[in-house]
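J.: With the working numbering as the guide, the letters of the sequence shown map in order to residues 76 to 584.
Honestly, the hints are just simulated from the structure, not real lab data.
Ideal Cβ placement from N, Cα and C applies to all residues, glycine included.
Keeping only pairs whose Cα atoms sit at most 16 angstroms apart, straight-line, the calculated EDC-like set for lysine to aspartate or glutamate is: (1) K558 <-> D512; (2) K405 <-> E378; (3) K77 <-> E116; (4) K115 <-> E101; (5) K310 <-> D273.
What follows is a set of in silico ranges between Cβ atoms, one per label pair, in the way DEER data are often shown: (6) P415 <-> G92: 34 to 40 angstroms; (7) T469 <-> G226: 43 to 49 angstroms; (8) F456 <-> S235: 28 to 34 angstroms.
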Amino acid sequence: MKTLFSNARFVTMTAEGHEVEAVIVEDGKIIETGRFNDLKELADEQVSLEGKVVYPGFIDSHMHLIGHGQKISSVDLSGFTSIREILEVIHQAEPVSGWIVLEGWNDNQLMEGRAITRQDIDTVCSDYPVVLKRICRHVVAVNSKALELAGIGEDTHDVSGGVIGRTDHGELNGLFYDEAQALIIEHIPELSQDDLVDIIHTSIKDLHRMGLTGAHSEDMAYYGPYTNPLGAYRKAIDSNFRVHLLRHHHVFKDMVHESGGAFISLGNMKIFMDGSLGGHTAWLSKPYTDEPSLSGVAVHTEEQLIALTKVARTYQTGIAVHVIGDQATKVVLDVIEKHPPQNGVIDRLIHVNVLSKELIDRMKELSIMADIQPMFVPSDFPWVTDRLGKDRLTYSYAWKTLLEEGIVLAGGSDAPIENADPLLGMNAAMNNPYVPDQELTAFETISLYTTGAAAIAKEDHLYGKIASGFCADFTVVSDEITKESISHCQIEATIVNGNVVYQKEEGHV
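Sequences and hints are given; from them, build the entire structure.
T.: Structural data, given as structure tokens:
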């Protein structure tokens, strides 16, 4: 059955400004594009898109899809502005499998001006273990019951790549940074595969509403054996969403024999090299301006990173490394230069918030793409100016500079840490009052979520463009996306594999 989609402006993303009037789809693939009058006689049926603007299906290049589903299914702490409000939620929360686990607190917007601690949580809950994940997911705050069940006491030592928080008097304050979080997280009861299937369904339904036809996700090391989340994806995903799964280094070797499918693909080895700016754990080459005693946390030594990279290279795979601080990026580039990928393999640097001219010059000489999150700008400013100092901002959040230097970018949200809505991310990329010289054009911005997201997964022959032979994945938008219009653009419909998976209630497709 050949279906003609028409009565719309199809922005193909094959070249800036290129549009077509109509698209013929058969068996989930685009078989021809062009003028309506030239194509209408070739189709068995026609679908009008009612004068809207159609883009290649938007892909989020970096998120935690299961985490997004968990976040929208429970109380989100990210909008709270006081510890008192958080404590009220904890007091009313019902434990799941005996634990209370909530996400999103952000000390940068709490009126108390500090992180929530064990001492705070104990005032409202001492019977159940409580785990509160910071918005960046690089810090957790827990109560005394959680410490007890995890077997953690005052004599517990820091772990490699992580820090256990303490008060000024040396007592445990319930804060665990980066790799130290595992001391707590490993004791939280595992979700069943059926639970994960339900969460994935909830997440995808919400992502469809936002115009997303697919996402690159990193979930394989957080829900029991990797077979648990991978099996859940295989049960939950049909022909309505495309998922590209990064493989955490803890489970990478176990997963190398696994294969994907038409809608699930397996990607690079995921590695964390540092933490977050919000938690003062992003690894900087010079101390934090607002905390001169701190320079961040190195999750791995260079030797450990070399060993992991060699494993990835053995299997002809790239590495996908979380790097926010400039020192973290430097060490990763040192290792990639010594052990470069071969045969067209692409390494992925995720976030790259703080850079320098030297680092950018080195990046462009390597087989590297940058996976950026435009929503970090409105989330991190203005407080990040005090954290980094103005001098470091020249090459921080430097999306435009990276593009001008020839480094291909992909765009993601890092949901559930940030809002998954790609239109919000696009707005942040095009309208940047904090670093205006780094604003992207509309074409550059849309490329992040289409051609860039496809290229960083080595799937740019499958999706990212509206052209013959590509997947029939479309995001239907109310208006052309521009710097001026983006704030009022709305998703009208989402089409995956030639099928409508979402349409706005008041609209008809």
